[in-house]
Amino acid sequence: MSAPADIAAPAEGEPRKPPPVRVLVSVLAAVLLAAAPLFLAPYAISTLTRMLVFGLLAASLALLVGVSGLPSLGHAAYFGAGAYAAGWFAQNVSAQAPLSLLVAAFTGGFVAAATGWIAVRARGVFFLMLTLAIGEIVHQVADSWESVTGGSNGLYGIPATEVGGAAITNVGVLHWYVLAAFGGGFAVLWAVKASPFGAALRGIHDNEPRMRSIGYPTSLYKYAVFVVAGTVAGLAGGLLAAQQRLVTPADLGFTTAALALLAVIIGGARSLWGACLGAALVIFVRDSIGPSLDGHGPLLLGVVFILVVYLMPNGVAGIRIGRGKGGGKP
Amino acid sequence: MNPLLSCRDLSRSFGALKAVDAVDLTVHAGTRHALIGPNGAGKSTLLKLLTGLLRPDSGTVHLGGQDITRLSEVKRSRLGLSQTMQQVSLFPSMTVAENVALAVRRHRGGTISALPARRGPRRHVDRQVDRLLTDAGLRNRDTLPVSALSHGEAKQVELALALACEPRLLLLDEPGAGMSPAESARLTELVLHLPAEITVLFIEHDLDLVFALATEVTVLHLGKVLLTGAPGDIRDDPRVQEAYLGTSRRADLFTTPPPTSGEPRVPTRP
Amino acid sequence: MGSWFEANLVSVLNGGAIGCLLFILAIGLSLVFGMMNVLNLAHGAVFLAGAFIGWRIGGESPTWGTFALAVGAATLLGLLAGAVLSAMTEPLRNRSHLDQALLTLGIALVAAELLSMTFGNDVRATNAPPGLDGTVPVLGTDYPVYRLFLIAAGLLLAVTAWLVVSRTAAGAVIRATVADREMVSAIGIDDRKVKLAVFAVGSALAAVAGVLGGPVYGARPGLDSTVLILALVVVVIGGLGSVKGALIGALVIGQIESLGRALFAEAASFILFGALAVVLVLRPQGLFGRADMAGAPR
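Chains as they are written, first to last, in my numbering: chain A, 1 to 330; chain B, 1001 to 1270; chain C, 2001 to 2298.
Just so you know, these hints were derived from the structure itself, not from any lab. Beta carbons: idealized from backbone N, C-alpha and C, even for Gly. Some hints could be false.
Unchecked claim - Beta-carbon label-pair distances, calculated as ranges:
#: 1; chain 1: C; residue 1: Ala2169; chain 2: B; residue 2: Thr1215; range: 33 to 43 Å
#: 2; chain 1: B; residue 1: Ala1185; chain 2: C; residue 2: Glu2182; range: 45 to 55 Å
#: 3; chain 1: A; residue 1: Ser94; chain 2: C; residue 2: Leu2263; range: 32 to 42 Å
#: 4; chain 1: C; residue 1: Gly2222; chain 2: A; residue 2: Gln96; range: 36 to 46 Å
#: 5; chain 1: C; residue 1: Val2281; chain 2: B; residue 2: Arg1055; range: 42 to 52 Å
Unchecked claim - Beyond 12 Å from chain B on every Cβ pair, some chain A residues (computed):
#: 6; residue: Val23
#: 7; residue: Asn207
#: 8; residue: Gly215
#: 9; residue: Ile266
#: 10; residue: Val285
#: 11; residue: His296
#: 12; residue: Leu307
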């Protein structure tokens, strides 16, 4: 019997020793990102910083969508929760350097833990509906809980992050701050993906019923990765608050979630680096041609979604309905 | 002999159909117990009640003296109940070795770490995977994606995966289905050489395979146990022949090809 | 209790009106979803299109003539939109739910932008047609007649839908398709036609709900996603492909929306989520859903 030609997922090996080229590229990328403030104009630096922030969000979503097969439409909720928490904390408690980021990560993880259980127990289209609904409800909370979130105006005037009493106002220094946190968050995602736990997540993506039959409590695993992804998304939100010093309900709205998903799809769904590159492209396009669209960005986003779906015949995330050799019974 | 698995009065209906009807079944430790019966006898439903995929309407299941009737599939697997699927059900994006390693890690490797594992031949997980693949005759296939295997090889991976769960009781659902005679012979060898600590309960339509492997046979008919006994007794019992073919001519039973559901199963593909 | 009820009577009645509107909206979503396994995220945009049509044809104070015309136009537009959606999702029949969701999402984003380009970003409020635009005393409180009319219309439609689904030949096909799609196509019913019909009727209902909802909500950008989420929650709570589930779910969510916002303005969204969570933890398949169709772990 010949191999079926249409097995959706590439036979991606468990990360063994990374090939030297990959190590080289990673190191080069890190060096370039770190050196960027030395030779880029301030505007370009802050665009790059935005790409890092959004890239971390997209990478955390890729862990859910591509690795674990959990296509969340509401991931911006945890990003936004982290952003609000960091902003509120900086305004009301302390703007000392890593504190607000820790609060942001914790809040993202906490909100994911509070909302994730009902979502991960759902299968297929129910997961999509529930994550969409959860995202929108969290968005409504941000919009209506005025005493904390500032309602539709958002939280503004967030104080700049302080290191040892000195506020970070220089865009270059801010970029390094964001880069360091990005590195930490990305390392967490990478470690989870490369670990035995990550292998189990891929197994769940491939064939969840079989994972249960060989003894994996799959709902628990999905819940755990949902919380991890929520935590890293929260951290990314904290970085957003540190950079923009303004958080609005739009930051956890559906458009943000959709953009993050688009970045993940562009990046090939299963790759964390790919998601970051996808995010860079999305931010680049949004920032460069967004203003000329006169507020009709969603129109472009909608057209892109329609095209992407039609132009990717194997499915946007390599997620197929339970068919094929190892798909198990749906 | 002490019973490893015992079901008492186990029943499950689908609407008006009593798929499994007050079944008592005892599987003794160390035996190779075959479950046979014509199509619609309730074999597969019974197997699902044992693995926990389905819940019984009434009755109990005990494994090694412990009541597992209400336990989930996951918990049963952890207690040493392992299975192969009737239709190949593996992890298509992974290699053969990665498939088996998933189960090894869960059952031998201790905790499932969220930190990257060091790899290499010294790791006991990798050693165990190697051993299982060698036993299954798949040693030189370990780096292939399972989607590139032949059907027979994929069924061998199924078996290796099930054995990787370190079972006390191994349930095989039509292990020979869709196999060539050579593959089937290889499978017989594999099962015959399993250590005695592993008890095997299997469903099979190929009666040659049944009589080659089984030390005990239970015949199901219309959801009920028709009889249980040694293979020789089963072969000679007129009731069995009647249930299978509606005839008591012994020659018909053992010379006709296996019933339709024993035909090669080609996994459904999009 | 009596005084609590009197004090909150308006909210309770509002909840009923919102619930009936949600029911009309959710029934289409639920059937397309239950029968065709397609999550139609453009459903809210069709609702909004209906609301804008109501405003465009009827203006701020419609007459009965223009109101009826608007309902008719919305029905036509809804049928058409449903046909387009059915045709556009057809090539994705064997793709994942995510692909289908992204497609309908893309359509929803485009449609919503086109609507806001055409009709602007202001709230386009309309009044109820004459005779329904006043108030009547209900237990000593003045209450808008139109909302009572909505409750009546919703209940009438619920009864009609229930009769169609449970008593007619078309209903038998619907029920059979929800239960087992392959079987229905195996006995010679073209399930592409069933899909087209269900999509068209579902979208027409959404567009009509938009016209009817205009005087309550006022057509405005963003309304599409608000009502879509509420309808999704209704379907999840009620269970897939169930008329009864959609009705009960809609009435529950209507009350939560109305009473919740009246009594706990800031926490209303928490209450909405809480209701969703409680139902799904106790019954993962929804109140009237079948376990094998929903996300219940096996």
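*Could you check that no beta carbon of chain B comes within 12 Å of the beta carbon of Asn207 (chain A)?*
violated, 5 Å
_Ser94 (chain A) paired with Leu2263 (chain C), Cβ distance criterion 32 to 42 Å_ = Holds - the Cβ-Cβ distance for Ser94 (chain A) and Leu2263 (chain C), about 35 Å, lies within 32 to 42 Å.
*Is the Cβ of Gly215 (chain A) farther than 12 Å from every Cβ of chain B?*
Its Cβ does come within 12 Å of chain B, the nearest being 3 Å, so this is violated.
*Taking the CB of Ala1185 (chain B) and the CB of Glu2182 (chain C), does the distance hold inside 45 to 55 Å?*
Roughly 37 Å apart at Cβ, these two residues miss the hinted range, so it is violated.
_Range hint 42 to 52 Å (beta carbons of Val2281 (chain C) and Arg1055 (chain B)) holds or violated_ = violated, 19 Å
_Check on Leu307 (chain A) being off the interface with chain B, judged by Cβ distance over 12 Å_ = holds, 23 Å
*Falls inside 36 to 46 Å, the C-beta gap from Gly2222 (chain C) to Gln96 (chain A)?*
At roughly 38 Å between Cβ atoms, Gln96 (chain A) and Gly2222 (chain C) fall inside 36 to 46 Å, so the hint holds.
*asked:* A cut-off of 12 Å on Cβ-Cβ distance, and Val285 (chain A) was said to be off the interface with chain B. Does that hold?
replied: holds, 31 Å
*asked:* Just want to verify: His296 (chain A) was marked as not at the interface with chain B; is every Cβ pair farther apart than 12 Å?
replied: Answer for His296 (chain A): holds, closest chain B Cβ roughly 38 Å.
*Hey, is Val23 (chain A) genuinely clear of chain B, shortest beta carbon separation above 12 Å?*
It holds; Val23 (chain A) is separated from chain B by about 15 Å at its closest Cβ, greater than 12 Å.
*Is 33 to 43 Å right for how far apart the beta carbons of Ala2169 (chain C) and Thr1215 (chain B) are?*
violated, 58 Å
_Distal placement of Ile266 (chain A) relative to chain B, Cβ over 12 Å_ = holds, 20 Å
Checked against the numbered hints above, the structure violates hints 1, 2, 5, 7 and 8; every other hint is satisfied.
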